[in-house]
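Protein chains: 2
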Amino acid sequence: MMSENALNLNEIRKKYEELKGLGLKLDMSRGKPDTAQLDLSIPMLHTLDDNNFICENGMDVRNYGEFKGIPEVRRLFAEIFGVSAEQVLAGGSSSINMISDALKRCFINGPMEGFTPWSKLEKIKFICPVPGYDWHFHICDTYGIEMLPVVTREDGPDMDEVERLAKDPDVRGMICVPMYSNPTGFTYSDETVERLAAMETAAPDFRLIWDNAYCMHHLYDGDRDELANIYEACLRHGTEDRVLMFTSTSKITFAGGGVCAMAASPANIAFAADLIRYQLVCYDKVNQLCHTRFLPDKKAVEAHMRKHADIVRPKFELVLQTLERELGGLELVRWGRPKGGYFICFEAPEGCAKKIVRLCEEAGVKLTPAGATYPHGLDPKDSIIRIAPTYPPTDELRQALEVFTTAVKLAAAERI
Amino acid sequence: MMSENALNLNEIRKKYEELKGLGLKLDMSRGKPDTAQLDLSIPMLHTLDDNNFICENGMDVRNYGEFKGIPEVRRLFAEIFGVSAEQVLAGGSSSINMISDALKRCFINGPMEGFTPWSKLEKIKFICPVPGYDWHFHICDTYGIEMLPVVTREDGPDMDEVERLAKDPDVRGMICVPMYSNPTGFTYSDETVERLAAMETAAPDFRLIWDNAYCMHHLYDGDRDELANIYEACLRHGTEDRVLMFTSTSKITFAGGGVCAMAASPANIAFAADLIRYQLVCYDKVNQLCHTRFLPDKKAVEAHMRKHADIVRPKFELVLQTLERELGGLELVRWGRPKGGYFICFEAPEGCAKKIVRLCEEAGVKLTPAGATYPHGLDPKDSIIRIAPTYPPTDELRQALEVFTTAVKLAAAERI
Numbered sequence: 334m335m336s337e338n339a340l341n342l343n344e345i346r347k348k349y350e351e352l353k354g355l356g357l358k359l360d361m362s363r364g365k366p367d368t369a370q371l372d373l374s375i376p377m378l379h380t381l382d383d384n385n386f387i388c389e390n391g392m393d394v395r396n397y398g399e400f401k402g403i404p405e406v407r408r409l410f411a412e413i414f415g416v417s418a419e420q421v422l423a424g425g426s427s428s429i430n431m432i433s434d435a436l437k438r439c440f441i442n443g444p445m446e447g448f449t450p451w452s453k454l455e456k457i458k459f460i461c462p463v464p465g466y467d468w469h470f471h472i473c474d475t476y477g478i479e480m481l482p483v484v485t486r487e488d489g490p491d492m493d494e495v496e497r498l499a500k501d502p503d504v505r506g507m508i509c510v511p512m513y514s515n516p517t518g519f520t521y522s523d524e525t526v527e528r529l530a531a532m533e534t535a536a537p538d539f540r541l542i543w544d545n546a547y548c549m550h551h552l553y554d555g556d557r558d559e560l561a562n563i564y565e566a567c568l569r570h571g572t573e574d575r576v577l578m579f580t581s582t583s584k585i586t587f588a589g590g591g592v593c594a595m596a597a598s599p600a601n602i603a604f605a606a607d608l609i610r611y612q613l614v615c616y617d618k619v620n621q622l623c624h625t626r627f628l629p630d631k632k633a634v635e636a637h638m639r640k641h642a643d644i645v646r647p648k649f650e651l652v653l654q655t656l657e658r659e660l661g662g663l664e665l666v667r668w669g670r671p672k673g674g675y676f677i678c679f680e681a682p683e684g685c686a687k688k689i690v691r692l693c694e695e696a697g698v699k700l701t702p703a704g705a706t707y708p709h710g711l712d713p714k715d716s717i718i719r720i721a722p723t724y725p726p727t728d729e730l731r732q733a734l735e736v737f738t739t740a741v742k743l744a745a746a747e748r749i
Numbered sequence: 334m335m336s337e338n339a340l341n342l343n344e345i346r347k348k349y350e351e352l353k354g355l356g357l358k359l360d361m362s363r364g365k366p367d368t369a370q371l372d373l374s375i376p377m378l379h380t381l382d383d384n385n386f387i388c389e390n391g392m393d394v395r396n397y398g399e400f401k402g403i404p405e406v407r408r409l410f411a412e413i414f415g416v417s418a419e420q421v422l423a424g425g426s427s428s429i430n431m432i433s434d435a436l437k438r439c440f441i442n443g444p445m446e447g448f449t450p451w452s453k454l455e456k457i458k459f460i461c462p463v464p465g466y467d468w469h470f471h472i473c474d475t476y477g478i479e480m481l482p483v484v485t486r487e488d489g490p491d492m493d494e495v496e497r498l499a500k501d502p503d504v505r506g507m508i509c510v511p512m513y514s515n516p517t518g519f520t521y522s523d524e525t526v527e528r529l530a531a532m533e534t535a536a537p538d539f540r541l542i543w544d545n546a547y548c549m550h551h552l553y554d555g556d557r558d559e560l561a562n563i564y565e566a567c568l569r570h571g572t573e574d575r576v577l578m579f580t581s582t583s584k585i586t587f588a589g590g591g592v593c594a595m596a597a598s599p600a601n602i603a604f605a606a607d608l609i610r611y612q613l614v615c616y617d618k619v620n621q622l623c624h625t626r627f628l629p630d631k632k633a634v635e636a637h638m639r640k641h642a643d644i645v646r647p648k649f650e651l652v653l654q655t656l657e658r659e660l661g662g663l664e665l666v667r668w669g670r671p672k673g674g675y676f677i678c679f680e681a682p683e684g685c686a687k688k689i690v691r692l693c694e695e696a697g698v699k700l701t702p703a704g705a706t707y708p709h710g711l712d713p714k715d716s717i718i719r720i721a722p723t724y725p726p727t728d729e730l731r732q733a734l735e736v737f738t739t740a741v742k743l744a745a746a747e748r749i
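Chains as they are written, first to last, in the numbering used here: chain S, 334 to 749; chain W, 334 to 749.
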């Protein structure tokens, strides 16, 4: 149902020109925490003020050693992943870097002992649920991986299609954000997780890159998505070497100074560790100790994340209320209502996303480029726009949304 | 000339057994700073106590962004490398990791645009000056690089041999520590640097991995080695894309929490940056800012390094004095007298290094494994032992040296 006013072209144009005249300079392009969120972790910087630099195993974290990470940080991530601490390698800032490193090992050394290094194979293809995380697609691109987009629904990627593609022996993996997904906000259903663990893959060394970046990022205390434990599912199906899990504290403590981790089967970890041992001396253990002194266990992380949610939730709600109020009557537009994560996924009328993003940009509001949520930037319907509401202060967000909804109306009106 | 007592076998055996009976547990195996050295950088942990997290370009270091490193840390390393800040990429902990990453790009993407990725080539060989740094050899090994050892003398590797090997098109690079080298302590002469820059290489994408880990690590204020600027030499010879330079603050601030950097030609940096941009979001910028607040420029680093030297120098001198006193008369043994770095290189009589290391181990003194300073652990003469005097407290170092010198005497005596 479309309201009368929504598509009064002249009025919309007038409003758009007015907004353009304000000379705004606003940024809704990336999933960045705002300053108030960063401030929540300032006490972490004082956890070593007692000059006690000794971690649990008696080691001075300021010195060399423990390339797998200090025991307490491996245990913290193990609790978050739902695996044992021996299955965790903890790193430095940027889990994307750790994902890229895992792919590096696949390409240079093979995913595990006995497998051909992927760089020696003719072609490597990955299943890429879409819309998805642009950085994942860029990483695949730097390795020359051919990306096979698969449509994501509320319960995860179209599993019939995933299972069909996995029968191609060139398909060696899949990369995804399974919880509060970037950008859809969806969480994979138990059935999706089970099928991913159970499915037959033609490639014996198929690797599922499970980027669980938002596993702690609930917006509502009493209403959260739950993600099934993929590792346990794989164990049940005897496919435990299939999955490599990643997460980080980038959006828990500092985006520019967190710690990250990989979890996997003992065989995967042993193989990775034998290579990592010589490819670095150690990650930043000082920061690892700061983190575990500040957030010693999952319960502490949950309490900390409630403070984040209190800052983030009103921004999500402002977006949803504004979209509903301004665009609720407009045909052919939809958007997600995520219970966590960092994004709201907006679906514009076909052929309008690029135009809307351009209109916003010309009015001083920067959005993620249209198409970015697809491999090579190619959104076949030119309709998906990722809204990242966390970074701007609320006032700026309100203005940015006014520009955005006006741009959507203008593009929709001009389309007719 | 050999003193009478030095090889009185019975006495030496008795002494060795006595030392063995002490049940020592000492470690001279790795080049680790001691606690007093680590304590020098405690003030760095308080450089953000004013809650000012904004770096020079106005960015909050706690948030995402600046994958090349914050401006001030790039400038600091630029000053240390003797290049412009635009030629520097600053990273996280572990320059070894950054070296491994650079090799990764060579293997996956080719060293630069237009070159074949090394993983697509039949064979990759590297020139490896020996004795050298064991971790370098391990890294090469993880990439399947065939290592060609070249003997190092006081002025650097045998350049006739290096130039001869570089004529082989499969030889794609060389990896070395050019200053206060690990383990010899030698610094490459101006002529060596010039010849490395000038030499013809059959491979057009030859890469010289210049691990300048000890460039700030002088033991004596008034008596230091000087290393010529390899980049300037390369510029003179039009080979500026040949060299990739690395260093870190691991032995300046915290071995387990420093920052590292790579410097190279603008073309190399542009190519690397285009890949790194998508393979990480950013390194730990919080730690980068801590570092530059604590050590804003090279002068500050030099002042800080004098404090390190005051701790390290007496240990080096204790080693040299003890070796001189105990082994000064012994034939077939020699050792270096470095003016900086972290190691003293000991040359035992041929065929004795493994035995000496074993004797020390059995008497509770851990040394770097004999052979470790050669690719695949193969020291052809079984004579090189790396002494790492920095980590043990002076008392322990004295005991360890007593064990070591006794073991050398015993091995030498039993050899006759």
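Don't take each hint at face value.
Pairs involving identical chains hold if they fit within one copy or between any two copies, as the list cannot separate such chains.
Stated by the list, open to error - In the DMTMM-like style, the derived pairs of lysine to aspartate or glutamate whose C-alpha atoms are separated by at most 20 Å in a straight line are:
#1 K453 - D474
#2 K348 - D728
#3 K500 - D607
#4 K358 - D503
#5 K687 - E524
#6 K672 - D503
#7 K353 - D607
#8 K348 - D372
#9 K358 - D493
#10 K699 - E735
#11 K453 - D503
#12 K453 - E479
#13 K699 - D367
#14 K358 - D574
#15 K688 - E635
#16 K458 - E695
#17 K640 - D372
#18 K347 - D501
Just so you know, these hints were derived from the structure itself, not from any lab.
Consistency of the hints with the structure:
1. K453 - D474: Intra 17 Å, inter 17 Å, cutoff 20 Å: intra and inter.
2. K348 - D728: Within one copy only: 19 Å inside, 80 Å across.
3. K500 - D607: neither (31 Å within a copy, 33 Å between copies)
4. K358 - D503: neither (46 Å within a copy, 53 Å between copies)
5. K687 - E524: Neither: 34 Å inside a chain and 59 Å across chains, both beyond 20 Å.
6. K672 - D503: Result: close neither inside a copy nor across copies, 36 Å intra and 56 Å inter.
7. K353 - D607: Neither. Shortest intra-copy (57 Å) and inter-copy (33 Å) distances fail the 20 Å Cα cut-off.
8. K348 - D372: Neither: 37 Å inside a copy, 62 Å across copies.
9. K358 - D493: neither (44 Å within a copy, 61 Å between copies)
10. K699 - E735: within (13 Å within a copy, 69 Å between copies)
11. K453 - D503: Classified as both: same-chain Cα gap 12 Å, cross-chain 18 Å, threshold 20 Å.
12. K453 - E479: both (15 Å within a copy, 18 Å between copies)
13. K699 - D367: within (16 Å within a copy, 50 Å between copies)
14. K358 - D574: Neither way: K358 and D574 sit 47 Å apart in one copy and 40 Å across, limit 20 Å.
15. K688 - E635: Answer is neither: 40 Å inside a copy and 55 Å across each miss the 20 Å cutoff.
16. K458 - E695: Answer is neither; intra-copy 38 Å and inter-copy 53 Å both fail.
17. K640 - D372: within (11 Å within a copy, 35 Å between copies)
18. K347 - D501: neither (54 Å within a copy, 71 Å between copies)
Of the numbered hints given earlier, the model fails hints 3, 4, 5, 6, 7, 8, 9, 14, 15, 16, 18; all others are met.
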